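Since each chain comes alone in its own frame, lean on the hints to assemble the complex.
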Amino acid sequence: MSKMPAWADAVLVPLISIFLAAILSALVILFIGEDPIAALNLMVDGALGSTYGWGYTLYYATNFLFTGLAFSVAFHAAQFNIGAEGQAMLGGLGVAIVCIVIPWPHWSLALIFALVGAAAFGAFWAAIPAYLQATRGSHIVITTIMFNFIAAALLNYLLVNVMRPEGSMDPATGKFPEATHLPTLHDILGVFGIPFSKAAPANISLLIGLIACVLVYLLIWRTRLGYEIRAFGKSESAARYAGISPVKITVVAMMISGGLAGMMAINNVMGEAERLVMNATEGAGFIGIAVALMGRNHPLGVLLAAILFGFLYQGGAELALWASIPRELIVVIQALVILFTGALDNMVRMPLERLFGAVRREG
Amino acid sequence: MDLATALQILDSTVRLSTPLLLACLAGLFSERAGIFDIGLEGKMLMAAFFSAAVAALTGSVWLGLLAGIASSMVLSGLHGLASITFRGDQLISGVAINFLAIGLTVLIAQDWFQQGGRTPSLIGGGRFQEITLPFADTLQGVPILGPIYHDLISGHSILVYVALLMVPLTWWILFRTRFGLHLRAVGENPAAVDTAGLSVVGLRFAAVGICGILCGIAGAYLATGLQAGFVKEMTAGRGYIALAALIFAKWRPWYALGACLLFGFLQAVALRYQNIDLGAFTVPVQFMDALPYILTVVILAGFIGKAVPPKSGGVPYVKER
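These protein sequence lines are chains A and B, in that order.
So in the working numbering the end of the first sequence lands on 363, straight run, no missing numbers.
So in the working numbering the end of the second sequence lands on 321, straight run, no missing numbers.
This is chain B alone, in the form it adopts within the complex (with noise of 0.2 Å):
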């Protein structure tokens, strides 16, 4: 393999991992604070939709990327209001939001733009630009460091490097930040959280915002980075892969870094190989697609490590009376 052909995948990597990556931090922020959240899938999807939509309707992509996130904020508060203010089941309000979004993202787009459940394909302005960064192209010559800076480091959407500076930012919020001790405190015991004085309820809501936030930024990315345009259910499972990459990381950010980079680097593989010819063996295409799911099956038995969720996950609060 030369080195451009190196470069090809490593640059679809990054692309492909940057959906995986914003999901996976919406995901933890969630989870840290004790809401399970299987729903990243359909917020990412209704987002991709009105990003997609608003960027065609109004031809500009910020636009877009403000509706793709009023409407994951929306689904959030929907799973807030479920599973945070009636106590119900946060795995079943998920599952909910996830066909909710599948359903109405179709039966809006067909209203709107009658064309099969799709937007029209979007051009100039309703889609994010690559960014050419400082000295990319006086540098292209330069051996080696040239081209991974020219092709690799350079030259993606503005999403793409939010992505990647969500994940020092994640961190910091969450460990170095008061917010963030309360945050991960109310997903461990958020009864010591009430008796401290402070608001479960207000600092699980903030969660699921945030979460919601990133979910939107990362269908926008879909819908306006990725792809020129909404298709039908086009995210494709990328939320239950994010959702996957959050248990392999153990709900910390950098490794979710590096576990969505991991499994973004999978899906360029199987992109761009169909079977793998490793001369003794063939590895079909269909094992590459897996391969996340087995992984994340593997570390939640854990025989590599134990995966250990926040303790108070997935229960809802009730304050003793």
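Extracted from the complex, chain A is given alone in its bound form (with noise of 0.2 Å):
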């Protein structure tokens, strides 16, 4: 088979599926009698167009982040981790114990614990599945699915029968303490003189959101247990041949994978909504699993794939606001993205490398 160059696998292949995912995208738009072109105008300017829609975009944008660097961190070993979503929800719960139980004196002592808490929440419930899949061969996706919803459950449970406050009817914790809020954008950027909206939630998370893909891409190609990660990822056959633990591999990738999914919990559940609600993750946690197939599972792919879901979402909330299109329309983009940049991949790729061979062969 006819190699393409590296370019064409890691630009042109992307930006062909995203293509076409967006033509099918323009012509369901025109199927529900809407006109393309104006829709995108709106999501442009709705999410673009002011900093109020750029905190949205970018508050998103991290949600979007975290999950998508979870899938990619968990699909470098070849483990398919479909519960980030389960992974995200139990990180609120850590979030919200460490908020509501300890009193805090500042919110930059609050952040470091409810990142622990968030990760270690969030770990926890990677973990079972991977040992699982490790040790007992259960099919991780199968049982990560099942994750998800065990954990909506443990969480509808615990959010009515415990942690509601008394004579409240609403299955959510009580506000979180003054002291834990954090900064927004509008706080960060004013120290700088910079306006920003007040109003939009984008936060501080943004920050730790960037430092993890720092983090995540260091961990991967730059570290002893990343290579290890990729190698186990390639072929589980040599790395156990090279004296690769495949119970610790998968344990501990799957247990990074987790925290991260957890972690995005200081956004929406610390930064935003200030209290546990129920279904806060609000399907983010399979958002991750677009971003980070059309980031090709690199931390900078990932990120732009985030900030790109973050603008969808936000623009797709605009369009619902001030067009009558659903707010659905970002779920079928965001399905169309899955499948050509994931499910049909060889179906882009095919004929590429054909095209790229024969003009190899040419010239």
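FYI, nobody ran anything at the bench for these hints, they're computed from the structure.
Check before you lean on any hint, since a few could be wrong.
Label-pair distances were calculated between CB atoms; the ranges are [claimed, not checked]: (1) B:Q114 - A:R361: 37 to 45 Å; (2) A:A6 - B:V74: 31 to 39 Å; (3) A:P183 - B:V315: 46 to 54 Å; (4) A:V277 - B:L7: 33 to 41 Å; (5) A:L30 - B:Q114: 14 to 22 Å; (6) B:A192 - A:S245: 30 to 38 Å; (7) B:L7 - A:E282: 37 to 45 Å; (8) A:S245 - B:K311: 23 to 31 Å; (9) A:V277 - B:Q114: 24 to 32 Å; (10) A:L30 - B:G202: 33 to 41 Å; (11) A:D187 - B:Q114: 39 to 47 Å.
Once the Cα atoms are required to be at most 35 Å apart in a straight line, the calculated DSBU-like pairs of lysine-lysine come out as [said to hold, decoys possible]: (12) B:K311 - A:K234; (13) B:K232 - A:K175; (14) A:K198 - A:K175.
No experiment lies behind these values; they were computed from the predicted model shown.
Backbone N, C-alpha and C fix where the C-beta goes; we use that ideal spot for every residue, glycine too.
Below, the structure is given as structure tokens:
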């Protein structure tokens, strides 16, 4: 089989896939009797036209950054972690416990321990399926799906029966104390004299997400553990002969993945809602799959894809508000992106490989 | 608990098990042929919408059923295209199909009916009516057996009986016909099937197609039998419970019936009782909701017998050159 140049593999294939997904999305908009160009203008204007729009776009992007990184770390170890949703729910639980139980003097201390709590709960929720996969051979896809539902039931129980404040009908915790409220982009940029919308939820978690991107890059490509994860992901038998323990790598990679998914909670639970509500994750765990696939499981790609999806989410909300296009349009676009960049990858790749092969033979 | 209450719960068990059973058997065909399908949920949802929509527009539930099956088959074809023709990742394809269904059903529902992503409520011929089996009314007076026959066995829509008949039919097709043998072989060792001169691609597409038909019936039952119309995300995770039941049943038809009845029973109990007071402690309703998933994890972990999936499940077949 003829090989493609690296740039074509890393850039051209995903671009063509996204282009195909975009065309089909436009056709869907046409089909429901709306104008795709007008819709796009509305989305761009609503998501990027003001600091308010940017504030929401970046807020969503932060969620997707964490879940995208989570999926990609597991994917490097050839583990399909479809459970980021449940892990992020548990992360929210960790954040809520840290914020409510301990009276924090300052948000910075609260943030550090909330991060630890979120990561620990998320990692724990990923560790069980990972351990069962590694030692008992239970398929990780199925167990992580099951764990999503178990997490939802667990949270439902805790919010209704345990963590709900006295007298409240709403299945949610009470508001976190003032001292745990995180600085928003408005506060941070204000220090430098840059005006930014006060109402938008983007907050300091974005910076944590960016740091996580760098750390994941260093982990995967610059450490021994990262090498072992990639080696194991490429060939389990080769890794085994090289003395890499499959159980250790599966569990460690999945725990890092679950920890990253859990850490999303500092953005949506601590940063935005400032309390734990039912279904706080809003499907961000699944969008992480699309983000990671589109970003080719590289932190830089994941970052770009997360921003694109942040844009889609905020733009989609604006569409639902101003045009008669339901928000579910975003779900369709998300599905098309997963389909083209993930499942139908070969449909784009095979003709391209043939094309490059033909060019090389002539040249 | 008296007989009437027990019968009500069991009756509700049968109703709630039906979509699970149809989806579970759908997954059984697909996975036995080596194509993992986590898109059962999406196919059911798509079929639920199109069956309800067409039934609402035409007034004929049978046309609705056909439309449901057709829409589910389209998604099956997509899954086949991605995972068989282009040898893509079957899991990713399934995930994409689930989201596609969630999004498209609401978009189209809003476009067609403008009722916030639902179809109008179905009335009269737009729904599958309950069938009264022969002598159900005359025998109702017979102690114990009469009410059981009248309330539990009789009085369901035709699709419930279709689902139950599918169990022996699936068993017969898979284990007593040449086609079934080929289908199972292609899930275990596609290279051997290829060497024998049979088409791996053709067999797998056939399996995925049957899966589409059954998911279509399951979705149609949800929207036109169990309930009267489509509402947003009405499958509510049933596709995943069916997947769980499939593993619970270790990919065998009769066990699938048992697993689906068990999970349907859990749903029925959770529906009827909020919290179950066992004297010493109370079982919260959330635990009943989570029980199918917990049981599946336990089964998968091999603590109660070992669940061994078809050997070549999830692996695209590449012909040697």
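Verification of the hints:
no.	hint	result
1	B:Q114 - A:R361: 37 to 45 Å	violated (57 Å)
2	A:A6 - B:V74: 31 to 39 Å	holds (37 Å)
3	A:P183 - B:V315: 46 to 54 Å	holds (50 Å)
4	A:V277 - B:L7: 33 to 41 Å	holds (40 Å)
5	A:L30 - B:Q114: 14 to 22 Å	holds (18 Å)
6	B:A192 - A:S245: 30 to 38 Å	holds (34 Å)
7	B:L7 - A:E282: 37 to 45 Å	holds (41 Å)
8	A:S245 - B:K311: 23 to 31 Å	holds (25 Å)
9	A:V277 - B:Q114: 24 to 32 Å	holds (30 Å)
10	A:L30 - B:G202: 33 to 41 Å	holds (35 Å)
11	A:D187 - B:Q114: 39 to 47 Å	holds (43 Å)
12	B:K311 - A:K234	holds (20 Å)
13	B:K232 - A:K175	holds (31 Å)
14	A:K198 - A:K175	holds (19 Å)
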